[in-house]
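*Asks:* Put chain B on the given structure of chain A with help from the hints.
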Amino acid sequence: MSKIAESVPPKGGFSFDLCKRNEMLVQKGLKQPSFLKTGTTIVGLVFKDGVILGADTRATEGPIVADKNCEKIHYMAPNIYCCGAGTAADTEAVTDMVSSQLKLHRFHTGRDSRVVTALTLLKSHLFSYQGHVSAALVLGGVDVTGPHLHTIYPHGSTDTLPFATMGSGSLAAMAVFESKYREGLSRDEGVTLVAEAICSGIFNDLGSGSNVDICVITKGEKEYLRNYMLPNPRTYVSEKGYSFSKKTEVLLTKITPLRELVEVIEGGDAMEE
Amino acid sequence: MGDSQYSFSLTTFSPSGKLVQIEHALTAVGSGQTSLGIKAANGVVIATEKKLPSILVDETSVQKIQILTPNIGVVYSGMGPDSRVLVRKSRKQAEQYFRLYKEPIPVTQLVRETATVMQEFTQSGGVRPFGVSLLVAGYDDKGPQLYQVDPSGSYFSWKASAMGKNVSNAKTFLEKRYDEETELDDAVHTAILTLKEGFEGQISGKNIEIGVIDNDKIFRILTPSEIEDYLNEVA
Chain A
1 MSKIAESVPP KGGFSFDLCK RNEMLVQKGL KQPSFLKTGT TIVGLVFKDG
51 VILGADTRAT EGPIVADKNC EKIHYMAPNI YCCGAGTAAD TEAVTDMVSS
101 QLKLHRFHTG RDSRVVTALT LLKSHLFSYQ GHVSAALVLG GVDVTGPHLH
151 TIYPHGSTDT LPFATMGSGS LAAMAVFESK YREGLSRDEG VTLVAEAICS
201 GIFNDLGSGS NVDICVITKG EKEYLRNYML PNPRTYVSEK GYSFSKKTEV
251 LLTKITPLRE LVEVIEGGDA MEE
Chain B
1 MGDSQYSFSL TTFSPSGKLV QIEHALTAVG SGQTSLGIKA ANGVVIATEK
51 KLPSILVDET SVQKIQILTP NIGVVYSGMG PDSRVLVRKS RKQAEQYFRL
101 YKEPIPVTQL VRETATVMQE FTQSGGVRPF GVSLLVAGYD DKGPQLYQVD
151 PSGSYFSWKA SAMGKNVSNA KTFLEKRYDE ETELDDAVHT AILTLKEGFE
201 GQISGKNIEI GVIDNDKIFR ILTPSEIEDY LNEVA
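As they're listed, the protein sequences go chains A and B. Per the numbering used here, residue 1 is the first one in the first sequence, and the count goes up by one each step. Per the numbering used here, residue 1 is the first one in the second sequence, and the count goes up by one each step.
For reference, chain A alone in the conformation it holds in the complex (with noise of 0.2 Å):
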């Protein structure tokens, strides 16, 4: 009997085959490549109307900052948003995979998408990875059950907050939180607490930097306001200019201009579908 061509779900699981190997290999002297890991401050908390979620916008490679402004406020459904800490593709990946189950859900119950469905499809994943999917969440949202945050832990554990903190940041931001948090902020007041704790991680730890994130999340309503404070520009740039020294040589100097018209020619051979 021939196989249908269906998709046949994997057995589940991470496939530790290569584990005993890769122990060898360190073993003889090499070196792992590192990953990206996104040394961070998210953080989120329920105000009044809804949930607020902020990110710092640091990705660091060890000790070097890879990329100054990167986007740690994921999308999930027009109504819930996630913030990943740890490793930078982990959490871009596992995000993006639940975003797009939840969006097959919303087709198949024709209703909007649920936090609590949204926790479930991450901390089932996570736990059947056993704490290899390096991917530290903050998740938050308002359905018509009202608004919820969340945190979800590497191995698969969860929590169910009024506020939070993840990342390499969370205490600077927690201890900011513990201290001025009360319940039925107003947005403004929420926003500001927010900011304040973000700003509390990029400052006081080396993981976390560069600008400050954050996404209001109401019933009905988003508003995801990207780089809401830049607390770190570039000020120093020098006088002197920065251009080749004496001693080099330039061979060749040509500039070639960036075409502003692009010709579109109607009526062409259409392309093989």
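Quick caveat, the hints were computed from the structure, so don't treat them as lab data. Treat the hints with care, since some could be wrong.
As the list claims (entries may be wrong) - Quick list of simulated restraints, FRET-style, between CB atoms:
| hint | chain 1 | residue 1 | chain 2 | residue 2 | range |
| --- | --- | --- | --- | --- | --- |
| 1 | A | 69 | B | 216 | 30 to 36 Å |
| 2 | A | 144 | B | 218 | 18 to 24 Å |
| 3 | B | 112 | A | 264 | 23 to 29 Å |
Said to hold, decoys possible - Computed list of lysine to aspartate or glutamate pairs in EDC-like fashion (alpha-carbon distance at most 20 Å, straight line):
| hint | chain 1 | residue 1 | chain 2 | residue 2 |
| --- | --- | --- | --- | --- |
| 4 | B | 92 | B | 103 |
| 5 | B | 92 | A | 112 |
| 6 | A | 219 | A | 263 |
| 7 | B | 102 | B | 113 |
| 8 | B | 92 | B | 120 |
| 9 | B | 142 | B | 181 |
| 10 | B | 92 | A | 96 |
| 11 | B | 102 | A | 266 |
| 12 | A | 48 | A | 189 |
| 13 | B | 50 | B | 226 |
| 14 | B | 142 | A | 266 |
| 15 | B | 217 | B | 140 |
| 16 | B | 206 | B | 226 |
| 17 | B | 142 | B | 214 |
| 18 | B | 142 | A | 263 |
| 19 | B | 102 | A | 96 |
| 20 | B | 196 | B | 186 |
| 21 | B | 102 | A | 92 |
| 22 | B | 217 | B | 181 |
| 23 | B | 196 | B | 233 |
| 24 | B | 142 | B | 113 |
Just so it is clear, CB atoms sit at the ideal spot from N, CA and C, and this is done for glycine as well.
*Replies:* Chain B alone, transformed into the frame defined by chain A:
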């Protein structure tokens, strides 16, 4: 028919060169409830009869027109359960395309993927062809489009088409009334009149379903009260 000896096995051609199971599948489609689609200058409309087996059935629980992506919708004629499987697969394929290319899937590509699935079930062991024909209505960068997909896996682009019980009368009616410059609202009226032609009983907002997509590229299923408004305009 001399082909009857060959009608038990799906994977066998009959001497006349036909795959008899597919012919039977088309018959199943032809005995299903009428559905039709019309491509207008600024959008597409698809519509179908929603005849329920008894007045005791809660009509709000039945939905024949389904949304595949925000800008593509589908209606079927034939076996409802088979269409559910196809809708599910198509939605998943559209989503996989989006995840790979970060762009909504073009209508032709989605139709081709769906048709491929339907064809696979005509060339595999132990399965039967789908007993549905689909009318896929979409609006993308190439403008409004209407496609019909058959159980064999072949697909055609139509300006206006009908399927199901009353297909020949409906198609003749559409041929007479079709105009390329039609606006979407007029197309909806034409669709209602075509359905009315072969309708047994009193037509109302509760026993037909209409889906439209216009310039905003968002597929919407009309509510029963919106259908009633159109019916009043037509009557």
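*Asks:* Taking the hints in turn, state whether each one holds.
*Replies:* Checked hints:
{"no.": "1", "hint": "A/69 to B/216: 30 to 36 Å", "verdict": "33 Å, holds"}
{"no.": "2", "hint": "A/144 to B/218: 18 to 24 Å", "verdict": "22 Å, holds"}
{"no.": "3", "hint": "B/112 to A/264: 23 to 29 Å", "verdict": "26 Å, holds"}
{"no.": "4", "hint": "B/92 to B/103", "verdict": "14 Å, holds"}
{"no.": "5", "hint": "B/92 to A/112", "verdict": "18 Å, holds"}
{"no.": "6", "hint": "A/219 to A/263", "verdict": "45 Å, violated"}
{"no.": "7", "hint": "B/102 to B/113", "verdict": "18 Å, holds"}
{"no.": "8", "hint": "B/92 to B/120", "verdict": "17 Å, holds"}
{"no.": "9", "hint": "B/142 to B/181", "verdict": "17 Å, holds"}
{"no.": "10", "hint": "B/92 to A/96", "verdict": "15 Å, holds"}
{"no.": "11", "hint": "B/102 to A/266", "verdict": "26 Å, violated"}
{"no.": "12", "hint": "A/48 to A/189", "verdict": "10 Å, holds"}
{"no.": "13", "hint": "B/50 to B/226", "verdict": "16 Å, holds"}
{"no.": "14", "hint": "B/142 to A/266", "verdict": "14 Å, holds"}
{"no.": "15", "hint": "B/217 to B/140", "verdict": "7 Å, holds"}
{"no.": "16", "hint": "B/206 to B/226", "verdict": "11 Å, holds"}
{"no.": "17", "hint": "B/142 to B/214", "verdict": "13 Å, holds"}
{"no.": "18", "hint": "B/142 to A/263", "verdict": "19 Å, holds"}
{"no.": "19", "hint": "B/102 to A/96", "verdict": "11 Å, holds"}
{"no.": "20", "hint": "B/196 to B/186", "verdict": "15 Å, holds"}
{"no.": "21", "hint": "B/102 to A/92", "verdict": "14 Å, holds"}
{"no.": "22", "hint": "B/217 to B/181", "verdict": "19 Å, holds"}
{"no.": "23", "hint": "B/196 to B/233", "verdict": "14 Å, holds"}
{"no.": "24", "hint": "B/142 to B/113", "verdict": "18 Å, holds"}
Figure legend: structure checked against the earlier numbered hints; hints not met, in rising order: 6, 11.
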